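**Student:** Each chain, letter by letter, is given below.
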Amino acid sequence: MPDLKLTVNGIEATVLADPSTSLLSVLRKHFHLTGAKYACGEGQCGACTVMVGGEAVRSCVFPIHNVGQKYVETIEGLANSAHLHPIQQAFLDASAFQCGFCTPGMIMASVALLDRNPAPSVEEIRAGLAGNVCRCGTYSRIVKAVQSAAKAGRNA
Amino acid sequence: MPEEAGGGYEHQLQRLEFGDDITRREAAKRLQAGILFLFTVRIGEGQETTNPMPLLSSRLHVGEDGAITVLTGKIECGQGIRTTLTQAAAEELHIAPARVRLIIGDTALVPDDGGTWGSLTTPQTVPVIRQACASLREYLCRYAAQQWKMDAGEIHVSNGRIRHTDGRTLSYRNLIDNKAFGAASIAGARLMPASEWAVCGTPMPAVHGPAIVRGALKYSSDLQFDGMLHGYVIRPPNYRCRLLSYDASKAARIPGVKIVRQDDFLGVVAPNEQAAAAAAHTIEAHWSNEQLGNPDTLFSDLKRNSKPPDAKAGGRYPALIEAGSVDQGISRAAHRHKASYQIWYIAHVPLEARAAIAEWRGDWLTVHCGTQAPFPVRDEIAKAFQLPPEHVRVVVSDTGSGYGGKHNSECELEAARLARNAGKPVRLAWSREDEFERSYCRPAALMEVESGFDSEGKVHAWDFHNYNGGAASLTPPYRIGNVRAAYHASISPLRQGSYRSLAAVGNTFARESHMDEIAAELKLDPLEFRLRNIEERRLRTVLERAAERFGWGRVRSGNGVGYGLACNLEKGGHLALLTELEMDGAQVRLRRMVAAFDAGAILNPDILSNQVEGAIVQGIGGALFEQLKFDSNRITNGRLSEYRVPRFTDTPEIDVILVDRRDMPSAGAGESPITATAPSIASAIYAASGKRIRQLPMLPAFEN
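Order-wise, the sequence lines are chains D and E.
Oh and the first sequence: position 34 is 34 in my numbering, straight run, nothing missing.
Converting from the second sequence to my numbering requires adding 1000 to each position, the first position being numbered 1.
In short, the hints are calculated from the structure, not lab data.
Model, not experiment: these values are computed from the prediction.
Check each hint, because a few of them may be wrong.
Ranges of calculated distance between the beta carbons of each label pair, as one might list FRET restraints [to be verified]:
#: 1; chain 1: E; residue 1: 1524; chain 2: D; residue 2: 115; range: 52 to 62 Å
#: 2; chain 1: D; residue 1: 82; chain 2: E; residue 2: 1701; range: 51 to 61 Å
#: 3; chain 1: D; residue 1: 18; chain 2: E; residue 2: 1026; range: 31 to 41 Å
#: 4; chain 1: D; residue 1: 71; chain 2: E; residue 2: 1159; range: 42 to 52 Å
#: 5; chain 1: D; residue 1: 116; chain 2: E; residue 2: 1066; range: 18 to 28 Å
#: 6; chain 1: E; residue 1: 1653; chain 2: D; residue 2: 5; range: 45 to 55 Å
#: 7; chain 1: D; residue 1: 5; chain 2: E; residue 2: 1424; range: 28 to 38 Å
#: 8; chain 1: E; residue 1: 1210; chain 2: D; residue 2: 116; range: 23 to 33 Å
Facing chain E, according to a computed beta carbon distance under 10 Å, are these residues of chain D, among others [as the list claims (entries may be wrong)]:
#: 9; residue: 17
#: 10; residue: 62
#: 11; residue: 107
#: 12; residue: 121
#: 13; residue: 122
#: 14; residue: 134
C-beta atoms are modelled at their ideal positions from N, C-alpha and C, and glycine is treated no differently.
Kindly produce the complete structure, drawing on both the sequences and the hints.
**Tutor:** Have a look at this one:
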């Protein structure tokens, strides 16, 4: 098995793993970053969403050899120790979760959505996040959280 | 519960010392220095209980830092108990919520509060914790009175402290100084009436919200222990199989790999997950196959294999409800209507697939997991290994929810088996496919309904039979003189069990659809027709409130747009749900839903509205498209790419009206708001298309 260099949340590490290993597995086992979740294993639910080179990816079906030189960013890298990222804060303010298991993936997908489209309509938020499942059904609250984060971003 | 219920009861308060066995010693490390109190509370008359529990206990720990830890056997699965129990304790202790801690679901530490099911935390556990906290507050007053030679009645706790006029103070942590304390009786500790609530009744944000949004909350599948090994279970090719023989000779030669077989269970343990999977794939197993029956004849089979209702089954969900004479009522009625309804199996699909870590030390076992039912799971595991229950410690982490699907020791028992001789902790994580194929599902059911009614829209007779589904919501919330409502247990091809609100989804779908059909037959407005048959004031109120907000009567169905409604009364939750949707061929687009919900005094309105919204959304899946398919051998759509769950794009605008009845006991509300979704949508589909769908899920009816 070859050594692979990965930079996750600004920290570079060498990982000894088969290049076809999923990024999710490496994040959870080698980096002990458990914010990204396993839920479906086929890229259908978005609970494993992280950013690779600024793009949201489904890390459960994303092999580490596809990471290349790109930076990986996970939910753990979003906030600094004192302050939440505005989208995390918006989820908190809107109580946009119940069990919270989908939340890290939902937040990462929302970050990517607002990067692409800083002022999405409700329909654009729904369509943009349609690949993420919240089994507790807090969708309306998530839409509100993303809207308020977008608004805060515009006012910033 | 009645606000002053604490007044008439004597609570035993005693210092609790733990046994010194290995699991308790380890568990006790979770508590910092301080004093642990055990309260024994006799539950009040008129309390709703599933199992008779004459004595309930509660445990409170006072730490040297002054924080109070509430220990509970209930677990957090997204329904918000971390927050509502914190509120309840802070309210009665008269301390800031930030001073309250919780330890949940650790069987070596917490009292057995039953499983986290049946919406019982609010009506059962909250009152006990409130009583215990009120008693501790009372005891602190008494202690201060004794120290200061005053009358306890003149002493008040404020912000966790008692202040003497001379400036001295006493707080809960001073109770630790009372080394001599052994036991006391506390009578008549006053519970805070809802009208005086300062913490309860407020939309306090989730206490673990910051951890959730940071991705820092540790769920059962996130736990990693040093040196732990990994298990892999060899699954049979079909749903119901017996292990005939196997050849594990190749796997046995791989260093570090152990094979574990017990009856039909076959698994491997290895140093890491990849090695475990690789070893498992070298094993050749031979299985017998038992057929599942023909899915095309499911409903006739369920009826054919059913038993007469068990008239003796009482409790919370009696299987037979009778009033007046149904046969006479139907034969004498001016109009009769008869129809049958079917609901298919659905899966819970908790987003977190089960995971467990089991560790043995001699005959003592600890299992970390995410079950909804720590004590029942502990007992099941102990039974499987023929151990006394106290030899098994189940420690529950927050779970990526359950919706009634995580009651049994499935993954947990498998992990314990794999770990039995491993000498180290063994982790077993289920895959999504395991979740679909190995866990139990929501029962399929056939409901046959016949009614008799007059031309004025009064229903006089109601004959209702549920086959295989269950008895929840069998009783119609309408005033009907002649009723027979029965649940006939049957033999199910698939393993089935609890699901959010149990059979109330199917029974409410059948009942409300049937009511809608009667209204249509009489050309009566469905709302007006309901109100003519409802006496229950609170149910009328939620219907009226929701209808007003919705604009019912001011809007008319037509041009592919339909408006529908349904109501239900289940587990103390009074629910009305109105739906607006549009149809385009086989496409149903939900536009708007308005719910009004009354579950008594509201402990936390934000959590409650979140539960109502979420339950409605979960209900959309089962109403329109969720369906666990099978052929004669196996589940055929057990993946998330093949089993459709509700997504953002399926969700309408949802407006929730909460009716806060501070004068009424608080009902648990995680389940009942799911029950009106399907019939409300069916009612709107009929209004939009003229098509009456009597099966769940409904969308397949449009595909042919």
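**Student:** Work down the list of hints and note, for each, if the structure agrees.
**Tutor:** Here is how each hint holds up against the structure:
In this structure the hint that residue 1524 of chain E and residue 115 of chain D lie 52 to 62 Å apart at CB holds, the actual value being about 54 Å. Distance hint check for residue 82 of chain D and residue 1701 of chain E: the Cβ-Cβ separation is about 55 Å, which falls inside the suggested range of 51 to 61 Å. Roughly 37 Å separates the CB atoms of residue 18 of chain D and residue 1026 of chain E, a value that falls within the hinted 31 to 41 Å. About 48 Å separates the C-beta atoms of residue 71 of chain D and residue 1159 of chain E, a value consistent with the hinted range of 42 to 52 Å.
Distance hint check: the CB atoms of residue 116 of chain D and residue 1066 of chain E are about 49 Å apart, inconsistent with the given range 18 to 28 Å. The hinted window of 45 to 55 Å between residue 1653 of chain E and residue 5 of chain D holds, with their beta carbons roughly 48 Å apart. At roughly 31 Å, the beta-carbon separation of residue 5 of chain D and residue 1424 of chain E lies within the given 28 to 38 Å, and the hint holds. For residue 1210 of chain E and residue 116 of chain D, the hinted distance range of 23 to 33 Å is satisfied, since their beta carbons lie about 27 Å from each other.
Hint status for residue 17 of chain D relative to chain E: holds, with the closest Cβ pair at about 9 Å, below 10 Å. Hint status for residue 62 of chain D relative to chain E: violated, with the closest Cβ pair at about 16 Å, above 10 Å. Taking 10 Å as the C-beta contact cut-off toward chain E, the hint placing residue 107 of chain D at the interface holds, the least distance being around 7 Å. The criterion of a C-beta within 10 Å of any C-beta in chain E is not met by residue 121 of chain D, whose closest approach is roughly 13 Å, and the hint is violated.
Contact between residue 122 of chain D and chain E, as hinted, is supported at the beta carbon level, the nearest pair being about 9 Å apart and thus within 10 Å. With its C-beta approaching chain E no nearer than about 8 Å, residue 134 of chain D sits inside the 10 Å limit, and its interface hint holds.
Checked against the numbered hints above, the structure violates hints 5, 10, 12; every other hint is satisfied.
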